[in-house]
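Engineer: Chains as they are written, first to last, in this note's numbering: chain A, 1 to 322; chain B, 1001 to 1325; chain C, 2001 to 2364.
Hints in this document: simulated from the structure, not taken from any laboratory. We put the beta carbon where it would ideally sit given N, CA and C, even for glycine. Be aware that one or more of the hints could be misleading.
[Stated by the list, open to error] Pair ranges (Cβ atoms, derived): (1) C:Asp2268 to B:Leu1014: 55 to 61 Å; (2) A:Arg254 to B:Gln1134: 30 to 36 Å; (3) C:Asp2268 to B:Leu1144: 46 to 52 Å; (4) B:Tyr1175 to C:Asp2150: 47 to 53 Å; (5) C:Phe2358 to B:Ile1011: 52 to 58 Å; (6) C:Ser2261 to A:Pro284: 43 to 49 Å; (7) C:Phe2119 to A:Ile19: 31 to 37 Å; (8) B:Leu1144 to A:Asp77: 50 to 56 Å; (9) A:Gln295 to C:Phe2358: 46 to 52 Å; (10) B:Leu1125 to C:Ser2263: 49 to 55 Å; (11) A:Arg88 to B:Leu1185: 46 to 52 Å; (12) C:Arg2143 to B:Tyr1175: 34 to 40 Å.
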Amino acid sequence: MNNTILQVSELKTYFFTRIGVVKAVDGVSFGLRKGECLCLVGESGCGKTATALSILRLVDSPPGRIVGGEIQYHAEDLLRSPVSRLRRIRGNRIAMIFQDPQSSLNPVFTVGDQIMEPIRLHMKLGRRQARDRALHLMEQVGIPQAKERMKYYPHQFSGGMKQRVMIAAALSCDPEILIADEPTTALDTTIKAQILDIFRDLKQKKDMSILFITHDLGTVAGIADRIIVMYGGRIAEAGSVLDIFDQPKHPYTRGLLNCLPAISERREKLSPIPGVIPSLIDPPEGCIFYPRCQQRMPVCQQKRPEEFVISGKHIAACYLYA
Amino acid sequence: MKRGGLQNYIIRRLLYAFLIAFGVVTITFILLRIGPSSPADKYLANMSARTQDPAKVIAAVEARYGLDKPIYEQYFNYLVNLARGDWGWSFSTSLPVIELIKRHWIYSFQLILLSMLFASSLGLLIGIYSAVKQYTKVDYIATLFSFTGISIPNFWLGIMLIMVFSVWLGWFKTYYDTGLPVFSLANLKALILPVITLGTGMMAGHTRYARSATLDNLRKDFVKTARAKGLPEYIVIGKHVLRNAILPIITIIMFDMAGVVFGGAYLTEIIFGIPGLGQISFNAIFANDYPVVITITLIGAMVVLLTNLATDIVYTWLDPRIRYD
Amino acid sequence: MRRTGGIFGGRRNLIFSGLMLVLLFIFLLDLFVVDRIFEPFTYFYLFFAPLIIFYGVYPLYANRRLTRYYWDRTKRHRLAVIGLGFIIFLVAVAILGPFLTQDPTQVDFKNKNLPPVGFSSEQSIFDRNTGQLITTETQGTWRHPFGTDDKGRDLLAMLVSGTRISLQIGLMATLIAIFIGLIIGVVSAYLGGWVDNALMRFTDIMMTFPFFLLLVLIVFLYGSSLWFIILVIGLTGWTGTARLVRSETLSLRTRDFIMASKSLGASDRRIVFRHLIPNVMSLVIVIATLSIPGVILAEAALSFIGLGDPTVTSWGLVLHAGQRSLDTAWWIAVEPGIMLFLTVLAFNFLGDGIRDAFDPRSQI
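Put together the whole structure using the sequences plus the hints.
Structural biologist: This is the structure in structure tokens:
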């Protein structure tokens, strides 16, 4: 496929802490195509946020460091390009939205200011033009009385409105790629649906590529084209929405789906995955999911499973499919 | 937003400040006049020792200053006069207290102003820089430096500076030259050592606060947002981090300013012989000149109260989340 | 919370009250019947030693695991450990030093202005025979390793004496201040209403006083004996503690475990003694360590401007004397200042480490 615009290969991001090296991202590869919505799914601590931050090299350093891999964006390796070049991409070609709109907006500047910031920086527009554009963006993401609200401070907005502001700021320079790190997690269910609508709109109308990160498979179903399930800093399973929902292969994916309350079928109770997420300091030799896996085999303990192709683009890192 | 709310708040705070100042004056009055040896008695004793007819002199003086009246009446009269703007008469200098203060406040003011400028500008720079470079050698050195600065007794530092730069090297005079015009280069030079003496401790304190306030904000999510927007690092730190970090820093700077007026500045003035309010009050205490003592205590209290109020008002400008209505 | 049973059983309060009654009895005897059973200092110690042992050291011992945890966290700060080491050294000097050095007040004009060992200084001496001033070179000797002052007093002995004075002041004035602040803070927060209002307005007034000016004034008017200075610093220095303890108590009051205890029918007295005070104790320890240097500096400044107790040799007093002979004998002003600086530094290091250990949130 030639319309892959972002190719992440063998990405490794480690955190060097007092108690040891946390391998938050340990050899993750995937591609993001034009106009698609790719979802990274996993429990908290599985490395999805670290993956997203690594793309724009926003991992806090110290303690974090990207120790290996490549991120190809338009024939350019983002991990090796100079910071000045990267700055021209951040917020301009690749924009990012964070989990908690409450803390992601600077409390002491007006929302208008914060939306105009990237516009003035990247598009080199004057104050007035930038304001017009910001106004337009705010209306676009569904903020009523935008003209007046531009002068408001973040604390005068509700959580959902703040997230709209974040989206407006991210969209300000018409980015090619939007990375959204759990953008709906901190929001109420009704607001969540509204925000997801905005994303769906963006994909369809603007042909934007979206990397959507969430821990909630339910959220994913309505928006994703493809899904990557991550576990312990690695990819467990990847495939199209249909692949993952209809024919989940990896025991972990199946576990995740079993946790999901489905409206269509009546189930007596949801079945959680037993055990806890392993520490990523000194992970076990073989498959990281081994301790919690219900279909474990002796081989799983010896060597880390590679990604086995199930069919077409559907892959699973599990020896069941070797 | 609601300017009226802020105004009401300020008025309320001012009224409260007056109440507190009233308490301060009362306690000082009690301390001064109802002790085992009240300064007035001491003063009278000194006066009478120099004349042939002690009783007559004492009576005359007592009548003149109202000291023959009962103590509560004296207290009441003092308060009334204070309210009228009559701050009393300085026994030891034979001047109205207000005149004495008018002549000397400028010396304290210039010392404190220059020290604050020196301390907060350098302190902020070092603090922020060391926070940005956390866990590097620069950071460790800055931390050690700030510990040293906080722990060094400023009166000793003053003496050491005099010893090295005035006595040994002869670069400066050992005493402040009062003949110099207040705003002049020569005066600035004369103030170098006093400003270092008074400013070092404060600078170290500001460094620490600036560092920790910056660190607190460096890890916030909005900094990540700012970086994700592609903003260059100097804007990320200089705008997004600093604007948030400045709030606690302002508090400590204002707090220092209030505390230093009759704390460190007091000693610095004595060491260098700067004729500011500290020196005046020091001499007044030793000369049993209690009207001066009460007035300067009151000024000290007012400085504290007004800087506290000023801090709160500055907060409403800098932090949109804070409103007093 | 773990019950602190153990060797004293539940009778800790009883034993403590008994001891205090005995002390009060002796004190009253002292005041009205017999003259001077104990020095004022001894009363300080007799009052605070049981207080610290029963309510400070014993709970630490009873909760060894928690103590160990705090100690491990403090130990992580290398500077804090260095500070603690230096403080222990100072305490040893203060206790043992006076037995090993000569009398700090002993005057010896023949050996005046001797420099420290390894230094030499030029001195002008009036020669009786010729009637002229001659310049001689004096060498420091091991008999006076830190040199002597302008009256020939041994500086080492003076510094050792100063160590004792400074530590005493730091410890006692802080104890008094913390004691008052703790009581006012807890009472204010717990009773609320007009009591809280009155106490906090009074605290505001005390806080507004220019502290050092007040100190100078009181000491000048009412005398400058050492124990009085300690008392004054203690009686004026409690405001910060009271405020912090009050706000901490207020926030604790709404915590679940106090609510739970209340809903189980615990009495106010029980809640205050069993839950509130132990929980604000960590805060109090931090404040105490960090306020000791301020107290030591306040006394030194007081002595430095000539208002200290003239009968005891404190660092400030030596510094005061040294200021006059900067050109002839620099070491007299330098040495007490260095001691003062190192002591304050040590307490700041330790206080910083302890604060981090007790409160991982604070960065300052």
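Engineer: Now tell me, hint by hint, if it's right for this structure.
Structural biologist: How the hints compare with the structure:
Our hint of 55 to 61 Å for C:Asp2268 and B:Leu1014 is violated, since their Cβ atoms are close to 38 Å apart. Evaluation of the 30 to 36 Å hint for A:Arg254 and B:Gln1134 yields a failure: the beta carbon distance comes to about 44 Å. Checked against the given bound of 46 to 52 Å, the beta carbons of C:Asp2268 and B:Leu1144, roughly 48 Å apart, stay inside it. In this structure, B:Tyr1175 and C:Asp2150 break the distance hint of 47 to 53 Å, their C-beta atoms being roughly 21 Å apart.
Here the CB-CB span from C:Phe2358 to B:Ile1011 is close to 41 Å, at odds with the stated 52 to 58 Å. Checked against the hint of 43 to 49 Å, the pair C:Ser2261 and A:Pro284 passes, with Cβ atoms roughly 45 Å apart. In this structure, C:Phe2119 and A:Ile19 break the distance hint of 31 to 37 Å, their C-beta atoms being roughly 51 Å apart. Separation of B:Leu1144 from A:Asp77 is about 41 Å and departs from the stated range, judged on CB atoms against 50 to 56 Å.
At roughly 49 Å, the beta-carbon separation of A:Gln295 and C:Phe2358 lies within the given 46 to 52 Å, and the hint holds. A beta carbon spacing of about 53 Å between B:Leu1125 and C:Ser2263 agrees with the range 49 to 55 Å that was offered as a hint. At roughly 48 Å, the beta-carbon separation of A:Arg88 and B:Leu1185 lies within the given 46 to 52 Å, and the hint holds. Distance hint check for C:Arg2143 and B:Tyr1175: the Cβ-Cβ separation is about 36 Å, which falls inside the suggested range of 34 to 40 Å.
Checked against the numbered hints given earlier, the structure breaks hints 1, 2, 4, 5, 7 and 8 and satisfies all the rest.
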